[in-house]
Structure formats: C-alpha cells, structure tokens
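One-letter residues, chain by chain:
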Amino acid sequence: MSKANYDESRGDAMVFETLTARREGSVLFVEISAPPMNLLGPELVRDLVSLIQRAEADAAIQVLVFKSADPDYFISHVDVTRIKEYRDEAAKLTGEASIAMMFRYLSASRLVTIAQIEGRVRGAGSEFVLACDMRFAARESAIFGQIEPAFGQIPGGGAAQHLARLMGRGRALEVLLSSEDYNADLAERYGWINRAMPADSLEDFVRSLAHRIARFPAAGHVVVKERVNAIALAPVEDFRRDSDLFGESVRNPEAQRRIQAAMERGFQTRDGEMDLARMLGNLSDH
Amino acid sequence: MSKANYDESRGDAMVFETLTARREGSVLFVEISAPPMNLLGPELVRDLVSLIQRAEADAAIQVLVFKSADPDYFISHVDVTRIKEYRDEAAKLTGEASIAMMFRYLSASRLVTIAQIEGRVRGAGSEFVLACDMRFAARESAIFGQIEPAFGQIPGGGAAQHLARLMGRGRALEVLLSSEDYNADLAERYGWINRAMPADSLEDFVRSLAHRIARFPAAGHVVVKERVNAIALAPVEDFRRDSDLFGESVRNPEAQRRIQAAMERGFQTRDGEMDLARMLGNLSDH
Amino acid sequence: MSKANYDESRGDAMVFETLTARREGSVLFVEISAPPMNLLGPELVRDLVSLIQRAEADAAIQVLVFKSADPDYFISHVDVTRIKEYRDEAAKLTGEASIAMMFRYLSASRLVTIAQIEGRVRGAGSEFVLACDMRFAARESAIFGQIEPAFGQIPGGGAAQHLARLMGRGRALEVLLSSEDYNADLAERYGWINRAMPADSLEDFVRSLAHRIARFPAAGHVVVKERVNAIALAPVEDFRRDSDLFGESVRNPEAQRRIQAAMERGFQTRDGEMDLARMLGNLSDH
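Chains as they are written, first to last, in the working numbering: chain S, 1 to 286; chain P, 1001 to 1286; chain X, 2001 to 2286.
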C-alpha cells in the first residue's frame, strides 16, 4: 500500500483518501467515502487494495465490515471514464488489471467480509457486495441493479457468476438483461442478499454478528470459506473471462454512444442517478 | 416452417393453427390457443418450431412473450396419446425427436423469452416455461405441477434439470415425487418462477419489461445468455437422457395402466384436469 | 441389524432402543427417542443403521418419515464425548467410520425420506435432516443451527455441501460462520427446509404427502432420486473430506478447550442447550 494514503497517527484507525477503517477487537469497520457519489474509480480501488493487504497482514483482524458514509450511495458503479486507471490500480493486488480479479481475491481471502448496505449498489457496486461473504441491507434505502445491459454489456466484475448461482437461471437472466432497480425486499426474495431489515436495526445486527464471528477460532473461518468457495465461488478463469468480455464491449461504438447519451442525461452525477433505472430505460428513445 | 400454417396477409402478425404472434417493435407477443385445453400435441409443437425458426431468422425480433388465450390452461401437458407424433415434429427443429431438445434449443437461443402465466402449467407445460428465460405468473390463477411421478415417470422435458438447480435438492425432490399442484405464491417461494403478481398487473408488467429489454443492444442479450447458460443450463446430454428415460418409462405396463386409469377419470379433458392433483393422488385406489 | 435391539413381537412396529418405527401401508413412521435430549451417540447411530438396512431390505416400504418423541429436541447434535464410538457404529452401514457417509448413503437410498421437525436440530441433527429428501418444520418450535464454528470446526456430516447448494454462498457462509440459531421461517426463506408451517398442521401434512408419494410407482422414485442426486448431491469424496476435516479439528487443543468451556456451561444438557446460540456466543469471554 501507499503510505501516503494512510495516516499512521490515529491508532486503531486507518485513514485513506476514500476509506476510513476503525478496529474494534478483531473486527475492522470500514466506511467508504468517495464523494460525490462513491464511484469506483482509481482512488477507491487503490485504497481497497491497500486496505485488503493491510488487513490480511494483521493477524489481529478477522472480520471486515463495509458500510458507506453516503446514505444514498454505497458504491454507485465504476467510473466509466477511467477504466484503464482503476484497472491498473486493481493490478497491484493480483497482478491482473481487473476488478473482477480483485473481487475474487477478496472472496477467497481468509478475512470474513460483511457488507452493511444503505443506498444504491449498482454495477460493480453490486459486484463488490457479491464478493463479500455476507450482505445485509436496509429495507428503506438499499437499491440494487446491474446497469451494464443498458449499454449492451455483460457485467465485468463477476455478477453473472454470482447471480446465476445465488438466484438461478430465470432470476439471474431477468436481473442481467433488464438493468432494473431492485429494492432490498425483492433482492432478499431473489437471494441477492442474505436479508433485508429495517435501517434502524441494521447497524446493531451487523456489529453483533461481526463480533460473534470474530470471537470464534480463525482456523474455522479459513476452512469454512475454503470448503464453501470450492462449491459456490466461480473459478478464476470465469471471472477473468467476464472481465475481458466487459473490456471488449466497452470499446464497442454502440456502447460508447449509449454511455455518451447517458452522460448527457446525468449519468455519473449524484442527482442523475437517483432514479437511474428509469433513465436507462429511456436511453434509446432520445 | 410450413407456409400452410402461416397467414401472410396479416402484416405484423403471424397466425398459426395454435399460435398467434403479434409484433410490437422488437417484441413478439405470442398467444397459445390449442383448444380445448392447450395440450402439447403435434400441432402445437409444429407451430412452436415454426415460430422459433421464423423469429430467430428475423433480426428485428429480440424478445418473445408467451401467453395463453385460455384463462384456465397455459399449456396443460403433452398429449400422451400422440407421443411419437409430437416428437417427430420436434425433430424438425433440432434433428432429435425430443421436446427436451426443442426446449433446450429455445433456452440457448439468442432470443430473450418471457412466460406470462395464467392458468395451469403441468408436466411439459411447466417444462416449457422453465425453458423460457423468465417466468411471471398470476397469483390468482397460475398452477404448477409435475404430474409424471403419478405414472412412475421422470419428466422428459428437462424439469429435473431445471428444478434441481432452481430450488435445490429438497424442494425439487418434493415437486418431482409428489405430483402435487403448487400455486403461484408457493412457486415463487420455491424459485420455480421469477415472481407471482396480481393478475391485473401481470400483462402491463411483462409488456413493459419486454420492451425495456428489447431496447437494449442485442449483442448484450447474447453474451449474457451465453454466460448464464454456461453456469445454469444443463448440458445437452442431460436433457437427452431425461427424454430417453421418459420415453422408456411411458411404454412400461404399469405406467400404461395408470395412464389408462387416469383417462377413465377425465385425464386430458378440460373438466377432469381442473383439480388434477387430487385425481392423481387417488389413482391407485380404484 | 442386531436382533437384540429389535422387538419382533409388535407386528408392523420395529422397536429399537432409541427408535420406534410403525408401518402404515408403504410408509414407515419413525420416532426418535434417545433421552434426555436426542444426542446422536453410538446407540442412535446403531439404531439408524439397523433401521435403514431393514427398511431397504423390505420391498413393501417406500417412504420413511422421521419425527421426534421430544418436543424440544429433534436431534440435538453428536455426543462429542463419544465420537469414536458413534463413528464405529456408522461404519457398519458403509464400511467407513463417518456419519457423513451414513447420511450420504441415506440420501442416495431408494427410500424416500421426509423429516417432520419439531424442536432443535443443530450440528449433525441439521445434517441428518439435510440428508433426508424433504424437510418440513413447525413454525413455533423448530430451531436450526450449525454449532461447529463456535469450536473452530467445519461441520463433519455434510452441512457445507448441502447448505452451499441449497442457499448459496452468502447465506451458507453466514450459517457456517455464525453458530447462530435460525427459526423455521428464516430457515424456509434461506432454503434450509422445504417449508415452515403451523405445528398443528405439520403432522397431517407430512402424513398425507408421505402416503401420496408411496402410492406412486417405486420405479419412479428411484429414477427421480438418481437424476436429482446427480445434480444436487455432493460427491462421496466431498462428504469424506468434510468428515476428515472435522475429525482432525476436534483433536485440536483450542477446539478441546472450547468444548470443555461449553461443557462447564451446560453443553450436552437439556437445560443448557435450550438457548445454546447465546451460550456459544459468550464462550470465549469466560
């Protein structure tokens, strides 16, 4: 990790430009804050890489909890104007310029990861929480979507791999072809997340679960993750293939025209994405 | 396709003996009407083959929506008195005399398919909607069942392949051993369908979803289906094997005796199948 | 089976020390009664082996229904003080000293098995019902949990294999890392069981389903189980590997210390396990 991003002076806290991590016992609570809307760009990828490396190297840390400082956006999606840059940052973790490989690395890590979701998680934001070991979401505010089909693309960060296994062929095809928004209750019914719950009980629930797991022997975490991943986590080559397919399709002229049209309607702006599913549905009408 | 079955005079409509297809933009809305109860016999198989071939050949068509003209029966099941005939019709699509292969062909097609379900879908009717990419059903009227176990058979059109993957071992065994009826809400909880919804919102929901998907680039549909099918659609040889097992078992004397007993109680009649699960449960008592 | 355990005098009943089986038509209703809390020890394993062998050898029997004589405990979990003994009993069924192999044998059997669950099913108790073909549970009383992570272990009887397939990666990791209790409604939402239902309708529902299935041709049961198991039942070597991992980890000093600490707080006592999840969560605090 780049020491420049990390403020050594705050004791049990790690402070990066886009992440703040606070340790409580064996649990590291990580807050994502990449204004204005938590786009997954080079800075956030760089900081996630640093955080993962640092946490893995610290035997005192067993569990990571991710949440957002922004009530409306958990991680919105990748910054489509900076794909090469964020991919280069991801390469620092795995040697491959792909966030799919970074996400899979996290899934296979000895660390237990929990996503505590409020606000929007679309595109690679959804793929980040799918890479976590568990996902709990606020019924009132969490919104899930894979927006890539609106541009003629397959998600590049593993969504097809996870969703086909979590929700089955029919629901995965619906999600991956429709670019629709799904609220937390429907996401729970579809298996996208572990559970939807009221926002006012989410934080306590996740904190309690994280500490509970962290109190159990670390050797058990490793073997459970290994055995479950052997069954339910897609092979590296399938993540790599989806990542390559995304990379190829984003250079496609039709995809570029649609991204441009979306940009003109407020894509990658805080206001413009509050009701993104509707905007994407009207894109080809312009 | 046989031109004889297709009325060229109706512009954007394709009219077959048992199907009427109406194009709206890139969506083809297909209505099934094979009175008296939408049995899957040679005529309906022949028309489905023609429709699939015609739609695949027409680059303007991206999405197919299937619904039934009969409020009580979507597709009831195969006509057990005409197995060789409908299998021969299915061979015109894939070269193999098997509706399992026809259904799998549809699942692997570039076309996106949506089943809008009202009424009964049992046996191969259920397998047809399972072959579609998505399934939405009317809470008030849709009824699902695999009736083959009552005759000592495994479903021949892919139900075991789909249901074991969609709902897991326990629920799939229940469905595939019990010959019970399942309403739309339970079918949703089991993952048999994407969603149950009120009948009066079903048509608008499906139409809107179909047009939404159809507006997105077709290249995206193809790659998404390819990647999801690679994970969640069973290999050809497993469909073929189930089809063969069904074909062998239907010639079994015990199966024939049970089919005969069911016929005497109204099997393959509109009235007799309104409460088919109960009738099948009492079969061996006679 | 050991004739000593079986009282030949009761006609259609088979009476073992810890099991009583009563035949009704082609259904065998088996009641588990191993006071004080239905621990899975050598006696219950021995009797299950005998019962399975006897039922498989009797062509008149098609379906087994398992229920508990104890309203609070269905099967609590293995007796951790007698692991070698119960493993030796399990070896009499499959030649391998492993309850994972015994459970997998049952899953692959020609017999259709239904678990009718009231009370607690934790650890190997959960794995026993997962090995059954179907699981229905009383909403008011059934409690599910995998307690092994609290001791730093992976479940040894197949829970990881079943749960990862039934509920997907996120929910399976939650269950297998948290040692939490899950009520019947949540177990249904997660896919752990087929359905939760009111206690007062559970028995009638299961009895009716069992008889319905038993009236259908046995040849159909065999082929359906074979085809579904080929898709959704883990390979023998994965059950064996989990069993070995459990066996190794239970000899680990940290596991032994935690088991000892749990014993001091009432583990393996009827009262001490009424609220076991809470006790396990506080274990490392002592």
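Treat the hints with caution; some may be incorrect.
Footprint (simulated), chain P over chain S, 3 or more residues, beta carbon under 8 Å [what the hints assert, rightly or not]:
| id | stretch |
| --- | --- |
| 1 | 145–154 |
| 2 | 164–173 |
| 3 | 178–185 |
| 4 | 245–256 |
No wet-lab data here; the hints were simulated from the structure. Please read all numbers here as calculations on a predicted model, not as lab measurements. Here a beta-carbon is modelled for each residue, glycine too, at the ideal position from N, C-alpha and C.
Hints and how they fare:
Against chain P, the stretch 145–154 of chain S contributes 7 residues with a C-beta closer than 8 Å to a partner C-beta. That satisfies the three-residue criterion, and the hint holds. Here the stretch 164–173 of chain S counts 9 residues with a CB under 8 Å from a CB of chain P, which clears the bar of 3, and the coverage holds. For the stretch 178–185 of chain S, the assignment as covered by chain P holds, since 3 residues bring a beta-carbon within under 8 Å of that chain's beta-carbons and 3 suffice. With 5 residues having a Cβ less than 8 Å from any Cβ of chain P, the stretch 245–256 of chain S passes the three-residue criterion, so the hint holds.
Every hint from the earlier list agrees with this structure, and none is contradicted.
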